[in-house]
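> Chain residues, written in single-letter form:
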Amino acid sequence: MTIRSLKTSLSDYFFKPVSPYPLAVFRILFGLCVCGTLLLLHGDWLSWFGSHGWISVETTARAEDGLRLSLFALMPTNDRWIEGLYWLFLSASLTLTVGLMTRLSSVIVFLALNSLLQRLPLILHGGDSFLRIAGFFLMFAASGAVLSVDAMLGPRGKSSGRESYPLIPPWPQRLIQFQLAIVYLASFCAKAKGNTWWNGSALFYVLNLREIHRFPIPSLFHDVWMMRIGTWSALAFELLFPLLVWFKPLRNPMLIAGLLFHLSLEYALNIPMFQWDMLSAYVLFIDFAWIKKATTLS
Amino acid sequence: MKRLNRQANKSKNAARIRETAKKISLKERLVVAFVCFHIVVIFIFAFPIDFLPVRALRNLVAPYVVCIGLTESWDMFAPDPKSTDQFLKAIVFRASGQTDIYSFPRMEELTLWERYRKERYRKFTESLLCNECSGLWPDVEKAVARRENKPADPPVKVVLIKFESPIDPKAGAVGDDAAAKSTVLSELFIQPEDLR
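Quick note, the sequences are listed as chains F and R, same order. Reminder that position 178 of the first sequence reads as 178 in the working numbering, one-by-one numbering, no gaps. Reminder that position 105 of the second sequence reads as 105 in the working numbering, one-by-one numbering, no gaps.
I should point out that these hints are in silico values taken from the structure, not numbers from a laboratory. Positions of the beta carbon are idealized from the N, C-alpha and C atoms, including for glycine. One or more of the hints may lead you astray.
Mimicking BS3-like on lysine-lysine, the simulated pairs with C-alpha atoms at most 25 Å apart in a straight line are [as the list claims (entries may be wrong)]:
1) Lys181(R) - Lys150(R)
2) Lys170(R) - Lys7(F)
3) Lys157(R) - Lys82(R)
4) Lys27(R) - Lys82(R)
5) Lys248(F) - Lys16(F)
6) Lys27(R) - Lys193(F)
7) Lys162(R) - Lys89(R)
8) Lys123(R) - Lys150(R)
9) Lys162(R) - Lys181(R)
10) Lys181(R) - Lys170(R)
11) Lys82(R) - Lys170(R)
12) Lys16(F) - Lys157(R)
13) Lys157(R) - Lys193(F)
14) Lys193(F) - Lys170(R)
15) Lys89(R) - Lys170(R)
Residues from chain R shown here face chain F by an in silico Cβ test under 10 Å; the list is partial [unchecked claim]:
16) Phe34
17) Leu128
18) Lys150
19) Ala152
20) Asp153
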């Protein structure tokens, strides 16, 4: 492969227009994940973010200096406003899910996710961070081109309904895919520094952290060798997924392995929404060519 | 005259096309720059590479990255998972001399649904117990005092206590509340204005 051909391939990969379906499906799943996150936060919204929350605005500002993009900072420190912000965030995540005023909704959803980070980073997990970063790139994407209210109300939707879909620039989708791969690779690199991941005992600690338990683990998996195999499999997956998912023949096996990995974590560990946040981005790797075939046939 | 007009129109069109092409290529270049910049940024913030040029670049772009929240360390259960079972309690001393215990929600004591809904408290407690988090404890003590406030017998002091018990595969230890070791993290005398 010459440098010129590599440059052309990269240019095509990032800029050659593609089907809008993967991004549209991602938008829907992403919106649902944000809705889920916000609904779970509802009961304690003011305890975390209110004017008399666990950590005061002043303490957060002292701990995290510099300019921060946060709607909490623009609002009066008043619980009514902060509650209003909750409903604004939830409404925007719902309109994003259905694709109504998609671009504006995506901007508000990103601002919401970033505001949560800037106000109280202590309670956020990796899934929230992934949503926030994906949300940043989603603002630049034409994610409402299909499967959205905007598309139905637009000129294409009104005309016949049989027209083929518009192609969209893929670079925001590629950046989200890149971010997903980086999550696994960075996680692998961080774990590679620890002894327990290499000697195979890490899973013993994880599964015996009572605070994070969910459903009971079958006794078969408490065997020393099963623990070792589980530990090494997790490590291997986090290394291999970001390296191999880009190659078409290996893509589906990697996505299936990832699906099994996250579903098993969802069963065993109580980390709300994390697995779904990550899995939502898998659709960006799926080829939706069958939709084109189906619309052509119809 | 007509020919002259046609020629003038042609040259105007050509200039317009050139202008549009220039605009498109500028837009494309900006997009390429945006994509490349963010790939580099995501990479250098995800991997803490301690190499001078990388460190310098990280410092240079940090204000932008922090402002829009593109930072994350992706280090859950890393480098090693926690090897201790930890939880936090607060003792509330009242004006009358009575004491009450405030327990932060513990996931293992909640129902399945409550555990899912209240998980942020687990993360919160874990974050509070970090080595550089002592600056957050007074806020937590004041918040406990507000939650436990009885106007007839207000809190005058709150003490934060950490409990720890080991998880050890060799010894088969999996966390035991009865044998948990307690450590006083901090204590704060509550002022009347803290209760407002």
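> Hints first: check each against the structure and report whether it holds.
Structure-based check of each hint:
{"no.": "1", "hint": "Lys181(R) - Lys150(R)", "in the structure": "31 Å, violated"}
{"no.": "2", "hint": "Lys170(R) - Lys7(F)", "in the structure": "53 Å, violated"}
{"no.": "3", "hint": "Lys157(R) - Lys82(R)", "in the structure": "31 Å, violated"}
{"no.": "4", "hint": "Lys27(R) - Lys82(R)", "in the structure": "49 Å, violated"}
{"no.": "5", "hint": "Lys248(F) - Lys16(F)", "in the structure": "17 Å, holds"}
{"no.": "6", "hint": "Lys27(R) - Lys193(F)", "in the structure": "43 Å, violated"}
{"no.": "7", "hint": "Lys162(R) - Lys89(R)", "in the structure": "7 Å, holds"}
{"no.": "8", "hint": "Lys123(R) - Lys150(R)", "in the structure": "28 Å, violated"}
{"no.": "9", "hint": "Lys162(R) - Lys181(R)", "in the structure": "8 Å, holds"}
{"no.": "10", "hint": "Lys181(R) - Lys170(R)", "in the structure": "20 Å, holds"}
{"no.": "11", "hint": "Lys82(R) - Lys170(R)", "in the structure": "15 Å, holds"}
{"no.": "12", "hint": "Lys16(F) - Lys157(R)", "in the structure": "65 Å, violated"}
{"no.": "13", "hint": "Lys157(R) - Lys193(F)", "in the structure": "42 Å, violated"}
{"no.": "14", "hint": "Lys193(F) - Lys170(R)", "in the structure": "21 Å, holds"}
{"no.": "15", "hint": "Lys89(R) - Lys170(R)", "in the structure": "29 Å, violated"}
{"no.": "16", "hint": "Phe34", "in the structure": "8 Å, holds"}
{"no.": "17", "hint": "Leu128", "in the structure": "7 Å, holds"}
{"no.": "18", "hint": "Lys150", "in the structure": "17 Å, violated"}
{"no.": "19", "hint": "Ala152", "in the structure": "21 Å, violated"}
{"no.": "20", "hint": "Asp153", "in the structure": "20 Å, violated"}
When each numbered hint is compared with the structure, violations occur for hints 1, 2, 3, 4, 6, 8, 12, 13, 15, 18, 19 and 20.
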